[in-house]
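There are 2 protein chains.
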Amino acid sequence: MSMERIYLFDTTLRDGQQTPGIDFSVEDKIAISKLLDEFGIDYVEGGYPGANPTDTAFFARKQTHAAKFTAFGMTKRAGVSAANDPGLAALLQSKTDAICLVAKSWDYHVAVALGCTNEENLESIRDSVKAVVASGRESLIDCEHFFDGYKANPDYALACAKSAYEAGARWVVLCDTNGGTQPDEVRRIVSAVIASGIPGTSLGIHAHDDTGQAIANSLAAVEAGVRQIQGTLNGIGERCGNANLITLIPTLALKKVYSDRFETAIDAERLTGLTRLSHAFDELLNRSPYAQAPYVGASAFATKAGIHASALLKDPRTYEHVVPESVGNFRKVMVSDQGGKSNFLNALKRIGLDVAKDDPRLDTLISIVKEREAQGYAYEGADASFELLARRTLGTIPHFFDIDGFRVMVERRFDANGQLKTVSEAVVRLIIDGHRIMSVAEGDGPVNALDLALRKDLGKFNREIEELELVDYKVRILNGGTEAITRVLIESMDGDGTRWWTVGVSENIIDASFQALIDSIIYKLMKNRHMAGRLAAE
Amino acid sequence: MSMERIYLFDTTLRDGQQTPGIDFSVEDKIAISKLLDEFGIDYVEGGYPGANPTDTAFFARKQTHAAKFTAFGMTKRAGVSAANDPGLAALLQSKTDAICLVAKSWDYHVAVALGCTNEENLESIRDSVKAVVASGRESLIDCEHFFDGYKANPDYALACAKSAYEAGARWVVLCDTNGGTQPDEVRRIVSAVIASGIPGTSLGIHAHDDTGQAIANSLAAVEAGVRQIQGTLNGIGERCGNANLITLIPTLALKKVYSDRFETAIDAERLTGLTRLSHAFDELLNRSPYAQAPYVGASAFATKAGIHASALLKDPRTYEHVVPESVGNFRKVMVSDQGGKSNFLNALKRIGLDVAKDDPRLDTLISIVKEREAQGYAYEGADASFELLARRTLGTIPHFFDIDGFRVMVERRFDANGQLKTVSEAVVRLIIDGHRIMSVAEGDGPVNALDLALRKDLGKFNREIEELELVDYKVRILNGGTEAITRVLIESMDGDGTRWWTVGVSENIIDASFQALIDSIIYKLMKNRHMAGRLAAE
Numbered sequence: 430m431s432m433e434r435i436y437l438f439d440t441t442l443r444d445g446q447q448t449p450g451i452d453f454s455v456e457d458k459i460a461i462s463k464l465l466d467e468f469g470i471d472y473v474e475g476g477y478p479g480a481n482p483t484d485t486a487f488f489a490r491k492q493t494h495a496a497k498f499t500a501f502g503m504t505k506r507a508g509v510s511a512a513n514d515p516g517l518a519a520l521l522q523s524k525t526d527a528i529c530l531v532a533k534s535w536d537y538h539v540a541v542a543l544g545c546t547n548e549e550n551l552e553s554i555r556d557s558v559k560a561v562v563a564s565g566r567e568s569l570i571d572c573e574h575f576f577d578g579y580k581a582n583p584d585y586a587l588a589c590a591k592s593a594y595e596a597g598a599r600w601v602v603l604c605d606t607n608g609g610t611q612p613d614e615v616r617r618i619v620s621a622v623i624a625s626g627i628p629g630t631s632l633g634i635h636a637h638d639d640t641g642q643a644i645a646n647s648l649a650a651v652e653a654g655v656r657q658i659q660g661t662l663n664g665i666g667e668r669c670g671n672a673n674l675i676t677l678i679p680t681l682a683l684k685k686v687y688s689d690r691f692e693t694a695i696d697a698e699r700l701t702g703l704t705r706l707s708h709a710f711d712e713l714l715n716r717s718p719y720a721q722a723p724y725v726g727a728s729a730f731a732t733k734a735g736i737h738a739s740a741l742l743k744d745p746r747t748y749e750h751v752v753p754e755s756v757g758n759f760r761k762v763m764v765s766d767q768g769g770k771s772n773f774l775n776a777l778k779r780i781g782l783d784v785a786k787d788d789p790r791l792d793t794l795i796s797i798v799k800e801r802e803a804q805g806y807a808y809e810g811a812d813a814s815f816e817l818l819a820r821r822t823l824g825t826i827p828h829f830f831d832i833d834g835f836r837v838m839v840e841r842r843f844d845a846n847g848q849l850k851t852v853s854e855a856v857v858r859l860i861i862d863g864h865r866i867m868s869v870a871e872g873d874g875p876v877n878a879l880d881l882a883l884r885k886d887l888g889k890f891n892r893e894i895e896e897l898e899l900v901d902y903k904v905r906i907l908n909g910g911t912e913a914i915t916r917v918l919i920e921s922m923d924g925d926g927t928r929w930w931t932v933g934v935s936e937n938i939i940d941a942s943f944q945a946l947i948d949s950i951i952y953k954l955m956k957n958r959h960m961a962g963r964l965a966a967e
Numbered sequence: 430m431s432m433e434r435i436y437l438f439d440t441t442l443r444d445g446q447q448t449p450g451i452d453f454s455v456e457d458k459i460a461i462s463k464l465l466d467e468f469g470i471d472y473v474e475g476g477y478p479g480a481n482p483t484d485t486a487f488f489a490r491k492q493t494h495a496a497k498f499t500a501f502g503m504t505k506r507a508g509v510s511a512a513n514d515p516g517l518a519a520l521l522q523s524k525t526d527a528i529c530l531v532a533k534s535w536d537y538h539v540a541v542a543l544g545c546t547n548e549e550n551l552e553s554i555r556d557s558v559k560a561v562v563a564s565g566r567e568s569l570i571d572c573e574h575f576f577d578g579y580k581a582n583p584d585y586a587l588a589c590a591k592s593a594y595e596a597g598a599r600w601v602v603l604c605d606t607n608g609g610t611q612p613d614e615v616r617r618i619v620s621a622v623i624a625s626g627i628p629g630t631s632l633g634i635h636a637h638d639d640t641g642q643a644i645a646n647s648l649a650a651v652e653a654g655v656r657q658i659q660g661t662l663n664g665i666g667e668r669c670g671n672a673n674l675i676t677l678i679p680t681l682a683l684k685k686v687y688s689d690r691f692e693t694a695i696d697a698e699r700l701t702g703l704t705r706l707s708h709a710f711d712e713l714l715n716r717s718p719y720a721q722a723p724y725v726g727a728s729a730f731a732t733k734a735g736i737h738a739s740a741l742l743k744d745p746r747t748y749e750h751v752v753p754e755s756v757g758n759f760r761k762v763m764v765s766d767q768g769g770k771s772n773f774l775n776a777l778k779r780i781g782l783d784v785a786k787d788d789p790r791l792d793t794l795i796s797i798v799k800e801r802e803a804q805g806y807a808y809e810g811a812d813a814s815f816e817l818l819a820r821r822t823l824g825t826i827p828h829f830f831d832i833d834g835f836r837v838m839v840e841r842r843f844d845a846n847g848q849l850k851t852v853s854e855a856v857v858r859l860i861i862d863g864h865r866i867m868s869v870a871e872g873d874g875p876v877n878a879l880d881l882a883l884r885k886d887l888g889k890f891n892r893e894i895e896e897l898e899l900v901d902y903k904v905r906i907l908n909g910g911t912e913a914i915t916r917v918l919i920e921s922m923d924g925d926g927t928r929w930w931t932v933g934v935s936e937n938i939i940d941a942s943f944q945a946l947i948d949s950i951i952y953k954l955m956k957n958r959h960m961a962g963r964l965a966a967e
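As given, the protein sequences belong to chains A and B, one line each in that order.
Just so you know, we're using this note's numbering here: the first sequence kicks off at 430 and counts up by one.
Just so you know, we're using this note's numbering here: the second sequence kicks off at 430 and counts up by one.
One or more hints might be untrue.
Stated by the list, open to error - Derived contacts from chain A toward chain B, CB cut-off under 8 angstroms, selection only:
id	residue
1	Q447
2	D452
3	P612
4	S688
5	F691
6	T747
7	R841
8	Y902
By construction, these hints were calculated from the structure, which means they are not laboratory data.
Where a beta carbon is used, it is the ideal one built from N, C-alpha and C, also for glycine.
With the hints as extra help, turn the sequences into a complete structure.
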């Protein structure tokens, strides 16, 4: 039996932008579209060019290779022709493969929100689709409030969908805009749309999670015949979020009821990148991944001490609904550190350290890491700091320098012209070969000043770190409130393009930053001596 | 038509206890069972008396009034009689109304995990149910791995369920223990169970969220005929969690496809306590409520989009799938750089500022907000800073004090005992009524030191801010890399429990924190004078 293709349409950068607390910069959008494109998503909807400066800048060039780069916009207003509608004109200027226009399909909203007649709205849909098709682009129509509209006036909702389809839209997307529709209603209404003459291969579903059923609604629509699913990374989106592609993709790929019939562009190999994709996206948003997330969460394959744990060890397959590694995740049994040990052995092997399973230094390392992670360190995101810790515990690291201390001052004062300005100054004191080296620098902020002071004079090592660059800096407040602990992650880059992350934790943000900066410098000195593992492995 | 009753069975204190990171004390369990009992849950499963000291202590007395207080345990082992099984004996000693025993229903697990014959397992089920019934208690059987077991050996899975039913179990609960079953499979298998002779009024469903469909699976089972749903508060539970009762309850009560046929003990009045229940539970767990949670999240009825916001104000009902107040939540229209004029008007109205749509100061405010959001400010998360900005632009804010400057120093040095320690000191200079006030304080970090110095001497306002407390602090690095801009968000709390957020943005984290601290103090001074809008609106 030949497989039926399901197309994945990502709207993280458009509907996801509606999430309270999320605002993407142009750089964010470029980074995220790259993640989506490389993972194998079919359509990347990037935003609404013309509506705000960020989206206009983002659409100045095509941002994807394999994925269809898609702009969002509105159908033309009533009373002007498609050619004379300024919004549509801006869209047709953007560098896109496809244009997805939102159209009202609930007669009530046509009257109240658009203030035009039902027939004028149908005409807007037809003319707008034709204008997109005439520009040589693929045309998609998001039928807004489709399910609620269908319940209120089925004939009119169907007329909107059919107008789009007959005018040449490649996809007519049925949107549960308010998110309250139940799976059985989705199934019934999608069937009615198909019965009205629009083939399922031209239909898409756009579901929201307002009753916790965006996944079930999307799958109910697929079962009823639609062949495109719109969703977002980690389910971000307006109100309770959109359908979570990170959950839908493995369900389609791994659940027999779907995998026997359907396929997406995400094959088994790509699927192993799912956990990484989900976490990389959270990293970009600077938030902790949700531990209980289906498939990709840290707890998704975790078992706590109890009745299941020992049986799980006998035969994991009958206690896990899918194989954790198939989505790039791993099993975690918290009853013993057996699982932990093999994780450590693997991590050490990756950096070129072969350690015997019964080496007592391995137990020492595991307990140090556990203790430090309880304090707030996160070695999963700080490869270089983990490697330094491992090498310190298991082997030797050369002694490069001692830290005598530092002082950072931030002052807000009036300058010579009577303007308030803020000045940051850092003094660093190191001891190298018994000599005390003191350097001072000013910077854009306290951490920048510290970084500049540190690299200003590293004595005999000074030339060695010339190409070392701080490329990213992240801060997370743990615990919150008054007993806040600060975790700082710093990404460094070398002249050869190699990048690594280091971590520092303290109740004092300056102190945490200093720890991460020092780790980065020591890692670089190790790397120069071919003593850092990743280099050995390359 | 008479309504069919759906029974709600809460397992927060038993399966919820399997959540990684969650461990309830006896006091926690008492507090949570009280919340559940008062809310109107039918069954409160409290834990496994005999298995650990906490649960044994918790079951020393009956903890609920209206709800059936339920103990969890295992069916008797093969080879001993029910009377001689020590586990079952401990259960029968506990002060409970009902006992829910877990039974294997997948033949593979009977062989591998129990190591007994299929017939011995059926006998254990029968004898255990009879022993519970004989003790005068209601008997429930959780058929573990029922759906996977049914797929592997339908006859044996059905035999397990029927043995329990025929021995007198009030409820036979079909468990999707591994969480991977899809709604259509649930529907099909539940129908088969009912066809085999167990009435739906004796069947329950226990679903997990491993494919994000615990809600849909529970509802699919109800549609197929079951009349008891097991779940937890806020969906906590092993791995990805259990079915979330906080989502299921309003869906059953407010969605016509269910509310026309079914009823629970949660009537419309009780339902208005849903948001409070969900947040009270998070408070007990000492974690922030999930903003995007269906029905009860802070974002569940929030709108950021300009295109939706203006129409939303015209007629909220057509943009909301349920009325927010019906679940004790409320509508929120947020200011953001995506929002149009109507967003602003609505936000201003909420803080008691009535502005005409064509007031030129409104355009000024909008352009200031957009410009500042482009710089990195985020007013949607900083209500108090937005209010101060609006009042500054539209009206007047009293002049409380001027800032002459500040200086913060962080030093890492050796103390008198030769130990490295980090010291943070802040000096703040203010001008009040022409007088220069200078204060200095040491803190746990530079921001804490600044906060302490600021509140140490605020001159004539000093007593006014005595109850002001910094309760949360968030940092976000924007842009990243070397041109990083830092956004700081600070949450403050007043003596009366009121909370507000302020924001600061700078390339210097200390400077950004200072801005947010100053905004919070000015907001508090305004509030004291009944000049802050939320107070006026109360």
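Structure-based check of each hint:
Below 8 angstroms, beta-carbon pairs count as interface contacts, and A/Q447 has one with chain B at about 5 angstroms; its hint therefore holds. Interface hint at A/D452: satisfied, since its Cβ lies 7 angstroms from the closest Cβ of chain B, which is below the 8 angstroms cut-off. Among the interface hints, the one on A/P612 holds; its C-beta lies about 6 angstroms from the nearest C-beta in chain B, closer than the 8 angstroms criterion. Against a cut-off of 8 angstroms between C-beta atoms, the interface hint on A/S688 is violated, since the closest Cβ of chain B lies about 11 angstroms away.
A least Cβ separation of about 13 angstroms between A/F691 and chain B goes past the 8 angstroms threshold, and the interface hint is therefore violated. The closest approach between the C-beta of A/T747 and any C-beta of chain B is roughly 6 angstroms, which is under the 8 angstroms cut-off, so the hint is satisfied. For A/R841, the interface hint holds, the least distance from its beta-carbon to any beta-carbon of chain B being 5 angstroms, beneath 8 angstroms. The interface hint given for A/Y902 holds, since its Cβ lies 6 angstroms from the closest Cβ of chain B, which is under the 8 angstroms cut-off.
Hints 4 and 5, counting from the list given before, are not met by this structure.
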